[in-house]
Every structure is written in structure tokens, then in C-alpha cells.
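Protein chains: 4
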Amino acid sequence: MIQTKVTINVRYAETDQMGVAYHGNYLAWFEVARTRMFKDVDISYKKIEQDGYYFPVLEVSVKYHRPALYDDDLTVVARLEEKPVLRTRINYEVYRGDTLLVTGSTTHAFIDREGRPVRPPPYVTAKMNELFRQSPPPQPQ
Amino acid sequence: MIQTKVTINVRYAETDQMGVAYHGNYLAWFEVARTRMFKDVDISYKKIEQDGYYFPVLEVSVKYHRPALYDDDLTVVARLEEKPVLRTRINYEVYRGDTLLVTGSTTHAFIDREGRPVRPPPYVTAKMNELFRQSPPPQPQ
Amino acid sequence: MIQTKVTINVRYAETDQMGVAYHGNYLAWFEVARTRMFKDVDISYKKIEQDGYYFPVLEVSVKYHRPALYDDDLTVVARLEEKPVLRTRINYEVYRGDTLLVTGSTTHAFIDREGRPVRPPPYVTAKMNELFRQSPPPQPQ
Amino acid sequence: MIQTKVTINVRYAETDQMGVAYHGNYLAWFEVARTRMFKDVDISYKKIEQDGYYFPVLEVSVKYHRPALYDDDLTVVARLEEKPVLRTRINYEVYRGDTLLVTGSTTHAFIDREGRPVRPPPYVTAKMNELFRQSPPPQPQ
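Chains as they are written, first to last, in our numbering: chain G, 4 to 144; chain V, 4 to 144; chain C, 4 to 144; chain P, 4 to 144.
Among these hints, one or two may not hold up.
Residues from chain G shown here face chain P by an in silico Cβ test under 10 Å; the list is partial [to be verified]:
| no. | residue |
| --- | --- |
| 1 | Asn12 |
| 2 | Arg14 |
| 3 | Tyr15 |
| 4 | Asn28 |
| 5 | Ala31 |
| 6 | Trp32 |
| 7 | Val35 |
| 8 | Arg39 |
| 9 | Asp43 |
| 10 | Asp45 |
| 11 | Ser47 |
| 12 | Tyr48 |
| 13 | Arg69 |
| 14 | Tyr73 |
| 15 | Asp74 |
Since the hints were derived computationally from the structure, they do not count as laboratory data. Backbone N, C-alpha and C define an ideal beta-carbon position, used for all residues, glycine too.
Go ahead and model the full structure; you've got the sequences and the hints to work with.
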């Protein structure tokens, strides 16, 4: 499992007239946490694009439990729980202090510049193999 | 069932460096279609808020099938398929011409200014009863 | 002079907790009007980029006289008052009905994909010459 | 003079298809720096609003010298150079390392909840008097 935490301070631009953070902004915050999560295991998403790959969002789901407010310091947790196979699913939790505000997930796959599904860049596959190295299966006695 | 279509022209501000419409923007476009859907049945969301109610998004899910591009004219369909009970679920489809790009849904409930769950405003309930008037159940012979 | 009007309906996503349209959104609305203004004289900004040119914003200034509100129908006027030479300046006015809310301007220049200043695409220059054809200077008697 | 620096990491959501940070986002970044600048002198903009005041943007101007890119770490400097009288002008500079990318300014005034111009909250005036304490005028000999 890979897990990263980032801190987001809610900007005034991110509020709406309900007086809370607009629900659409969480997708950008998830992305900030996702970018950092990859950096933390030495994968630069910027470099991935320079190498001719994209990693678009194919699905997103979010549950809003409580609102975030202007100037709140939020903790966004991103978590890759399983070794990516064809699709990569990342889970997110957004907290203010110990209070869980929002949960969500995004699903991704690698494509090339023409939008065709492709295998991940080799250095991503190698890193994932390293991070999700399976313990050997139990041996019969 | 209530159904509304709106046209959205993709703004330059809504693109990202992948050269497509940023995936987070669909939530704002869903909202444009939702606002119009309520207007089409004479419910003003603006008035709902003035009356002391909010109708926040509790859940959202989106599937991205194909990207939308700058200056595309998109059709966003919003559909209320079932009479709202405690929660209201609205479904969305985004098309470019006949091509389906994105599907999604949002779930909502009414709250008051203190954030407590409340019954819908009476005129919303009355309108929903009118729009989802059930045909009488089949009579025994 | 070239002048275009577009209608913008203020989205919920575009409000902030002051209960008005967030001041940063006007830049995107100016752009919607600018894109349409060029289309109205048969210049597609989309095609300009496909041909290898960009027309970035070099300067922007905005004066906010009155706020715009959620669900307001705004008229955004874009106006090219003088034939562009090295730089192109476009002026904007945002109205709700007859009430002027905001005025602004943007300044642009053409660059190539490497970010170097370049002459405009020939079809843009030709169109500007056509649109800003000067009446002949007064003849001495 | 009051001056504050904040660091902004350019989000993917903030890029556009020109491959750079969208020009409209700088207004939100200026605001992040402005919020922090006030906090640094113990003025909470959040509290100002709770006390019934707003501090809207009346004018903004921006000059874009060079583009910012995805994942860039930017330094945004906000500077209040003169003691605010009727209007408050704040200047901004955005750097990547030592390279100046953007300069700008915003002008503000205090209003009440009905949008009427008002004097600043007393604690803001007191703090400004303290920070911009004038040296005594030169004495006649």
C-alpha cells in the first residue's frame, strides 16, 4: 500500500454562496494528493506526460459527509491499496483535524498521446512491482 | 420523469494541458443542467435558498468515456427518474452530437441554514406530487 | 470596430461565500466573449492553435462596479476598437440588463509553440485589413 | 510596509491546453497571499466577515511576463506599501525561483453586508496605525 497526506488550505475562490467549499473542488484536491503520492515514490507525473503518456481519470466517486469552510486546513489522504493491473484505483479521505469530511475514489488507466490504452511506462511498472512485492505464498508442510 | 437538455460550449478556461476539458468541470456542468431542469418545472433554486433551504450534493459519481474538447458544443441531459423520497438522485449524460462522452449522477437532500436535514419546501413537494402522480394501482377483478 | 455580445448565466460554481460571482470568473467570461467575437468575423481560435499559433493574455485589467449574482443573465460585450498592430487590445463590458457591472480589457500578442513573438497568421492579418480598411485620407482641393 | 510570501504549487486543474497555468488563476493565488499577509499581522479575514464586513476586490490588474507550468513551485509576494485610506491597494509578484513571472495589484474597500462602503473594523484601523506609524514631521528649527 502507498499512502500520502497533503495539507490544503481552503481558498476563498473555492467557496460558494452556501458558505462552504464548492463540491467540485475536491476533485482538484484529490489530484494534488495523487501527484504528491506518486512523487513520494519517485514517480513524477510531469515526466510521465513528457514521456508521451497520460493517466486520465476514467471514473470518480465522492461522498460528502460534512462541509469544509474557507481557510480550513484540510488533510487529504491518497491511498493506492492494490497493485494496479489494467486500471488503477486510488482512494481518498479528507479530514479537518480528526473529523472525516469527504471520502472518494478515482480510477485511471494509461493512454498514449492518441488516446489509446497502453501499458504503463516501464519505470512505473518496475516501481509498482517493487512496492507491491508479494510475500511468497504459504508452503505446504 | 423530468428531463432537461442544456447546451454547454467548452471554455478555454475549462481545458487542461491534456488538451481536453478538465474532468472536474463536469460537476459544474451537471449543476447548470440541474438548475435548468428545476426551472423547467417552475422551481427556482435561487428562491429555494432565499426561503432558507439548501440542496447540497451528498454524493457524486462520474464515468468518463471520451474527452470533450475546447469549443465543443455539448448537450448535457439531466433526468429525475423517480419521485424523490428522503434523497433525490439526478442522472446526467453529456453528448457531443450523438456521441456519449460522460455519464454521472448526483444525490441530494434538503437541509436548513444550520445544516440540519429537513423536508423539502412545500411547493417542491407539491410539484413533485403533481409530476410523479401515480396511475392508480390495478384493481382486482 | 468589431463588437460582439454573448449571454452568460452565472453558475452556482462561480459564486463565492460573499454571495456574489467570484471576481476571478470574469476573466473566463471575457474569454467566452473574445472567442465568439473572433468567430463572428470567421476567425476560429481553435484553428489558430491548430496552425501553431497562440494568442495569450499579456495584460488584464478589470474594474468591478457592482456584483453579479447566481443565476443572473449577464451580457458580456467584447470590442476590438483599433486595428491590431504589435499588440491587440480588447475591451469588455458586463451588463445585467441596462446596469453596467464590470469593465475590463485584455492585451494579447501572437506567439508560436516555442513562445516566441510572431506575426499573426496571414488569414488573421487579411481579415483585420478588411475590417479596418481605412477610408482614403482627405484629398487636397 | 507589510510583505508576505507564500508558496503555490501549480495544480493540474490550473493548467490549460496552452500547456501553462491559466491566466485567470493568478487572481486566486493573489488572494491566497493576501489572506496570509493579513494573518501575519494578526488580522483574520474570516473573522472580518463574521463581524459583518467584506473586503471585495474593486480593481485588478495583472501583467504576464512568463508562463508558469504544472507542478512549478511559485513564490507569491503580497505587499501593502502604503497605509490604506479610503481604498487599499495591494501589490503582487509571482516568481519561479529568481525569475519574475507575473506582477499585479488589487484595490479593495470595506463594505457592510448590504454592500455600503464603511470604515474598516476598528481593530484593522488600529493595526494599520500601528504598522504604518509615521515618523514625526520635521520640526522647525
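Checked hints:
no.	hint	verdict
1	Asn12	holds (7 Å)
2	Arg14	holds (6 Å)
3	Tyr15	holds (5 Å)
4	Asn28	holds (9 Å)
5	Ala31	holds (4 Å)
6	Trp32	holds (9 Å)
7	Val35	holds (6 Å)
8	Arg39	holds (9 Å)
9	Asp43	violated (14 Å)
10	Asp45	violated (14 Å)
11	Ser47	holds (8 Å)
12	Tyr48	holds (7 Å)
13	Arg69	violated (18 Å)
14	Tyr73	holds (6 Å)
15	Asp74	holds (5 Å)
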